[in-house]
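These are the residues of each chain, in order.
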Amino acid sequence: MPFVPHTEDEVREMLATIGVDSVEDLFAEITRDMRPKSFDIPEGLSEMDVLSRLEGLAAKNATNSVSFLGAGFYDHYIPAAVDALTMRGEFYTAYTPYQPEASQGTLQAIFEYQTAVTRLLGMECANASVYDGGTALYEALMMAVRKTKRRKIVVSEALNPIYRVMLGSYTSNLDLEFVTVPHKDGLTDIEGLKAALDDSIAAVLVQNPNFFGSINDFTELFAAAKAVKAVSIVSAYPVLQTLLKTPGAMGADIAVAEGQSLGLPLSFGGPYLGIMTCTKGMIRQMPGRIVGRTTDTEGRTGYVLTLQAREQHIRRQKATSNICSNQSLCALRALVHMCALGELGLKRAARVSVERAHICAEKLTAIPGVTMLTKGAFGNEFAVTLPVNAFEAIAKLSERGYVPGFPLGRYFDGLENGLLVACTEKTSEEQIGIFAEMLRGALK
Amino acid sequence: MKTIFEKSVAGREGCWPCEGMAEEAYIPKELLRDGEIGLPSASELDVVRHFTRLSQRNYGVDGNFYPLGSCTMKYNPKFTEVVAAMPGFTRLHPVLPQLRGAGGLCQGALEVMYETESLLSEITGMAAFTLHPMAGAHGELTGVMLMAAYHKDRGNRKTKVIVPDSAHGTNPASAAIAGFEVVSVESKDGIVDPAALAEVLDDEVAGMMMTCPNTLGLFEKNLPEIVKMLRKVDALLYYDGANLNAIMGKMRVGDVGFDIVHLNLHKTFATPHGGGGPGSGPVGVSDKIVPFLPISRVAKREDGRYFLDYDQPKSIGYVAPFYGNFGVYLKAYAYILRLGGTGLTRATENAVLAANYMRKRLCDHFEVPFNRICMHEFVASAAAQAKKGVHALDFAKGLLDKGYHAPTVYFPLIVPEAIMIEPTETENKETLDQFCDDLIELAGLVDSNPEALTSAPVTLPVTRLDETKAARSMELTDDL
Chain V
1 MPFVPHTEDE
11 VREMLATIGV
21 DSVEDLFAEI
31 TRDMRPKSFD
41 IPEGLSEMDV
51 LSRLEGLAAK
61 NATNSVSFLG
71 AGFYDHYIPA
81 AVDALTMRGE
91 FYTAYTPYQP
101 EASQGTLQAI
111 FEYQTAVTRL
121 LGMECANASV
131 YDGGTALYEA
141 LMMAVRKTKR
151 RKIVVSEALN
161 PIYRVMLGSY
171 TSNLDLEFVT
181 VPHKDGLTDI
191 EGLKAALDDS
201 IAAVLVQNPN
211 FFGSINDFTE
221 LFAAAKAVKA
231 VSIVSAYPVL
241 QTLLKTPGAM
251 GADIAVAEGQ
261 SLGLPLSFGG
271 PYLGIMTCTK
281 GMIRQMPGRI
291 VGRTTDTEGR
301 TGYVLTLQAR
311 EQHIRRQKAT
321 SNICSNQSLC
331 ALRALVHMCA
341 LGELGLKRAA
351 RVSVERAHIC
361 AEKLTAIPGV
371 TMLTKGAFGN
381 EFAVTLPVNA
391 FEAIAKLSER
401 GYVPGFPLGR
411 YFDGLENGLL
421 VACTEKTSEE
431 QIGIFAEMLR
441 GALK
Chain F
1 MKTIFEKSVA
11 GREGCWPCEG
21 MAEEAYIPKE
31 LLRDGEIGLP
41 SASELDVVRH
51 FTRLSQRNYG
61 VDGNFYPLGS
71 CTMKYNPKFT
81 EVVAAMPGFT
91 RLHPVLPQLR
101 GAGGLCQGAL
111 EVMYETESLL
121 SEITGMAAFT
131 LHPMAGAHGE
141 LTGVMLMAAY
151 HKDRGNRKTK
161 VIVPDSAHGT
171 NPASAAIAGF
181 EVVSVESKDG
191 IVDPAALAEV
201 LDDEVAGMMM
211 TCPNTLGLFE
221 KNLPEIVKML
231 RKVDALLYYD
241 GANLNAIMGK
251 MRVGDVGFDI
261 VHLNLHKTFA
271 TPHGGGGPGS
281 GPVGVSDKIV
291 PFLPISRVAK
301 REDGRYFLDY
311 DQPKSIGYVA
321 PFYGNFGVYL
331 KAYAYILRLG
341 GTGLTRATEN
351 AVLAANYMRK
361 RLCDHFEVPF
371 NRICMHEFVA
381 SAAAQAKKGV
391 HALDFAKGLL
401 DKGYHAPTVY
411 FPLIVPEAIM
421 IEPTETENKE
431 TLDQFCDDLI
441 ELAGLVDSNP
451 EALTSAPVTL
461 PVTRLDETKA
471 ARSMELTDDL
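From first to last, the protein sequence lines are chains V and F.
The numbering of the first sequence is full-length UniProt numbering, which starts it at 1 and goes up by one.
The numbering of the second sequence is full-length UniProt numbering, which starts it at 1 and goes up by one.
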C-alpha cells in the first residue's frame with residue numbers, strides 16, 4: 001500500500017503492544033449506525049498511471065495561446081532559481097514555525113519578505129502575507145473599521161471589480177455600508193472620492209494603477225482622508241511599484257497587493273499571495289502572522305513569530321482575524337524572485353512591460369474604429385473601445401490562439417465594447433504585431 | 001546569519017528577466033518614485049547560497065519526524081509536485097473560462113475541479129463541495145457564512161454559534177468574524193456532554209462547530225444524540241475537518257448528519273505545507289445548503305463539456321477571486337487517485353494504529369489523561385514533571401536536539417502541560433520506537449539532570465529566543 005511502511009509482522013507486534021486483536025478493534029466506538037453508507041472511490045493507480053492521466057488532462061488545456069489577459073493577474077517571467085530554491089524539502093515540507101529554533105530558515109525568510117515588501121511599497125510594517133490580494137483588501141478594511149469604530153467605507157469603482165464583489169460577500173452579515181464612487185471614463189474620480197469623505201467614514205479604498213490601467217497620485221486624497229481621521233487604503237500592483245510613487249510617499253495608512261506577479265505562476269487562480277503593509281500605528285490591528293527579530297540566550301540574532309496576542313490561538317473569538325497560517329511558500333517565492341532579479345532586474349521587467357503595452361496601444365488604436373478608453377498615464381495595461389462587443393472579438397480571436405484581453409462589459413454596464421489589454425516583458429513585439437493584424441481582420 | 005539585504009552590493013547584477021532596459025519616458029515624472037527601492041543587488045549564486053543556507057536552518061518532513069498533533073504532518077509524495085508543475089496547468093490564466101469561446105481552452109482544469117469535488121463529496125458523504133476557500137480557517141469562515149445565509153433565507157433569527165472548549169482557536173474566531181456571538185460548551189470525560197449542550201442550546205443557536213475525533217484524539221461517540229438535539233432547534237452542525245485523517249472509510253460526516261464540512265487538504269491529502277501555506281480548505285455541504293455555495297460552481301453539460309455556472313441567486317458570493325488554490329487541490333486530486341478508496345482507508349487505519357502504539361509505549365512515563373483507545377493522535381501531560389520544574393516546553397526543546405520537530409504543546413488548553421502527539425501513517429516502526437525511546441530518556445533526565453532539558457536546544461543554530469523582547473522592540477524589518 002503506497003506510503004504506509006508497516007509489514008504484517010510489525011502490525012501484529014503493534015496490536016499486541018496496544019492489547020487488541022485487530023485494527024478494526026481500534027474503531028469500535030464508531031458504531032454500526034455511524035458507518036459509511038457508501039465509499040465508492042476508485043481503486044488506486046500506480047504513480048506512472050496517475051502522471052499519465054494528469055498529463056492527459058493538462059493536454060486538454062490550450063496553453064500555447066498567446067494571451068493579453070491581465071485584470072490584476074500577470075504572466076511575468078520567473079527565473080529558474082525561484083523553483084529550484086523554493087522546492088527544497090526543508091522549506092517545502094515544513095509547517096508553520098511553531099518551534100522557532102528549528103524554523104529559523106522559514107522565519108528569517110519571512111522577515112526578509114517583510115523587509116522587501118515594505119521597501120517596495122514605501123511602508124513601515126508588513127505581515128507574513130494572507131491568502132490573496134482580495135482578502136488582503138478585506139482585512140485592510142476590517143483594520144480600518146476596528147481602528148476608527150466607524151461603519152461607512154468609500155470605495156472607488158475603478159478598483160478591481162473582482163475585489164469589490166469579494167468585499168460585498170465578506171461583509172454581508174456585518175453592519176457596514178459602502179459608498180461607491182463611480183469611475184469617470186476609466187479614471188478614478190479623486191474629486192468625487194474627496195467629496196464623499198466626512199467624519200463618519202472609516203476608510204477610503206483606491207487602486208493604483210486602477211482597474212483600467214490608469215496611474216494616479218493619491219497624495220491629496222489621502223491628506224483629505226487624514227483630515228477626517230479616515231484610514232487610507234490602496235491596492236497596488238507590485239511589479240509596477242518599482243517605478244511608481246509609493247503608497248507610503250502618498251501617505252497611505254495601509255497598502256495591500258496581489259503578489260502573484262512576483263514569481264508565482266498564474267495556475268488557474270492560485271495559490272496566490274496577499275501582501276499587507278501598514279504604518280507603525282496600525283500594526284496591532286494587522287491580522288495574521290508577523291515575524292520579529294530578537295536574540296537567543298547567547299545573544300545571537302534570531303527570529304520568532306511575534307505580537308501573537310492579536311491571534312486566534314490566544315484570543316479566540318476576540319482575535320483580529322481567524323487566519324491561522326499565511327501563504328509562506330508563496331511569500332518565499334516572491335522574496336526569492338525579488339532577490340534573483342534584484343533591484344535592477346525587477347525594474348527592467350517593469351519598464352519593458354510598460355514599453356510593450358505602449359507599443360501595443362499604438363498598434364491597436366491605429367485600427368479604424370478602435371480608440372483609447374484609458375485616459376492619461378498608464379503602465380503595462382490599458383483599455384480600448386472596439387467598434388463591436390468585446391466578448392465577440394475575444395471569441396473570434398481566441399479560436400485562433402490569441403486571447404485579446406478582458407471584456408469590461410463583464411463588470412461594467414455601458415462598457416460592452418471595452419477591452420482591457422495587458423502586456424508583460426514576455427509579450428514579444430512580434431506577438432503584438434500579429435494580434436493587431438488579427439484584430440484588424442476581425443473588425444473588418 | 002546575515003540577511004540578504006546585508007549581503008547586497010550596490011550595482012551587482014542579478015538575473016535579467018529579458019533584454020532591453022526601456023526608458024521611463026512613458027510615465028510622467030510626477031507619478032514616478034524617488035530614489036532606490038532597497039531590494040537586494042546580488043549575483044544569482046549569492047542568492048542561491050543564501051537561500052540554500054537558510055533552508056538548512058529548517059526542519060521539514062523530508063528530513064525530520066514531525067509528530068505535531070492536530071497538524072497531520074504526513075509524508076508528501078513527490079509525484080504530486082510533478083503534476084502541479086505541468087505547464088498545461090501553471091500557464092492557465094484564471095479568467096479564461098469566463099470568456100466566451102475561451103472556456104474550451106481550459107477543459108482539463110475544469111475537469112480536475114469537477115472530479116475533485118465529486119471525490120471529496122464521496123469521501124465525506126456530502127451533497128456537494130466548493131474548492132474556493134484557500135486554507136482551513138478560510139473554509140471555516142466560508143462555512144459559517146453559509147450557516148448565516150441558510151438561516152437568513154429561512155427567516156430564522158439566529159445570533160449564536162456553539163463551540164466546544166476543546167476546539168481550535170480558529171473555530172470561535174471564524175464564528176465571531178462572520179458576525180455571531182460565540183457560546184462555549186464544556187467537555188465531560190474528554191468529549192462533548194449532551195447535558196451541558198442542552199443547557200446552552202436554544203432557538204437563537206445558528207449552529208455548532210465540532211471536530212471529530214476531537215483535539216484530545218477522542219471519538220465523539222454522542223454524535224447521533226447531538227445531531228438530534230440540534231435538528232430540534234433548526235441549528236446546523238459544522239465539521240472541522242482537521243482530523244479527517246482518523247476516519248476516512250470508517251465514517252462519513254454527511255451520513256451522521258453534519259451539514260457543513262471543511263477539509264484541510266494539506267493535512268489529510270498530503271500536500272506540503274510550505275512553512276505555513278498555501279493550504280486549501282474546500283467546504284462540503286448537505287443538500288439544503290447547496291444553493292448558498294460560493295460563486296462560481298463547476299458543472300458538466302450533457303455533451304460532457306465543463307463550464308462555470310455563475311447563476312446562483314442565493315449564493316454567499318465570492319470568497320476567492322477565482323476557484324481557490326488550484327495548484328494545491330490539484331496535488332490532493334493526484335494523491336486521491338494514487339491511493340484509491342482502499343489506500344485512503346488503509347491510511348486511516350495505520351494512522352490510528354501508530355497513535356495507539358505510541359500512547360501505549362509512553363503512558364507509563366507520562367500522564368495520559370484519557371488513557372483509552374484513541375484515534376490518530378493522543379494527548380499526554382507533563383504535569384507530574386512540571387512539579388519538578390521541567391515543563392512541556394522543555395520536552396519540546398529537548399526533542400529538537402534529538403532531531404525531531406516537537407509535538408504540539410499547551411494545546412488543547414483543557415489539559416495542563418499538554419503534549420499532543422500525532423505520528424501519522426507514513427512513519428515506520430523504527431522511527432516510532434526511536435522517538436518513544438528518546439522521549440522516555442528525556443523523562444529520565446527530570447530527576448538526574450533537569451538542566452539538560454531546561455537549557456535545550458543546544459544543537460540548533462540558535463538557543464531559546466527571547467519572545468518578550470521581540471514583541472517589545474518590534475524589529476519587523478531590516479530597516480532599523
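None of these hints come from the bench; they were simulated from the model.
Cβ atoms here follow ideal geometry from the backbone N, Cα and C, with glycine treated the same way.
Certain hints may be false.
[As the list claims (entries may be wrong)] Among the chain F residues that face chain V by a calculated CB cut under 7 Å, a handful are:
1) MET21
2) LEU39
3) CYS71
4) ALA178
5) VAL256
6) ASN325
7) LEU337
8) ARG338
9) LEU339
10) ASN356
11) LEU400
12) TYR410
13) LEU413
14) LEU465
15) LEU476
Consistency of the hints with the structure:
With a cut of 7 Å, the hint placing MET21 (chain F) at the interface with chain V holds, because the nearest CB-to-CB distance is about 5 Å. Taken as an interface hint, LEU39 (chain F) checks out: its beta carbon lies about 4 Å from the nearest beta carbon of chain V, inside 7 Å. Satisfaction of the interface hint for CYS71 (chain F) is found here, the shortest Cβ-Cβ separation to chain V being roughly 6 Å, below the 7 Å cut-off. At its closest, the beta carbon of ALA178 (chain F) sits 6 Å from a beta carbon of chain V; the interface hint therefore holds under the 7 Å criterion.
With its C-beta approaching chain V no nearer than about 5 Å, VAL256 (chain F) sits inside the 7 Å limit, and its interface hint holds. Hint status for ASN325 (chain F) relative to chain V: holds, with the closest Cβ pair at about 4 Å, below 7 Å. Restraint check, LEU337 (chain F) versus chain V: the minimum CB separation of about 5 Å is within 7 Å; hint holds. Hint on ARG338 (chain F) holds. Least Cβ distance to chain V is approximately 5 Å, under the 7 Å limit.
With a least beta-carbon distance of about 5 Å to chain V, the hint placing LEU339 (chain F) at the interface is held under the 7 Å criterion. With a least beta-carbon distance of about 5 Å to chain V, the hint placing ASN356 (chain F) at the interface is held under the 7 Å criterion. Against a cut-off of 7 Å between C-beta atoms, the interface hint on LEU400 (chain F) holds, since the closest Cβ of chain V lies about 5 Å away. The interface hint given for TYR410 (chain F) is violated, since its Cβ lies 10 Å from the closest Cβ of chain V, which is over the 7 Å cut-off.
Nearest Cβ of chain V to the Cβ of LEU413 (chain F): about 9 Å, over the 7 Å cut. The hint is violated. Proximity of LEU465 (chain F) to chain V holds as hinted, the smallest CB-CB distance being about 5 Å (cut-off 7 Å). Residue-level restraint check for LEU476 (chain F) holds (minimum Cβ-Cβ distance to chain V is 5 Å; threshold 7 Å).
This entry does not satisfy hints 12 and 13, going by the numbered hints stated previously.
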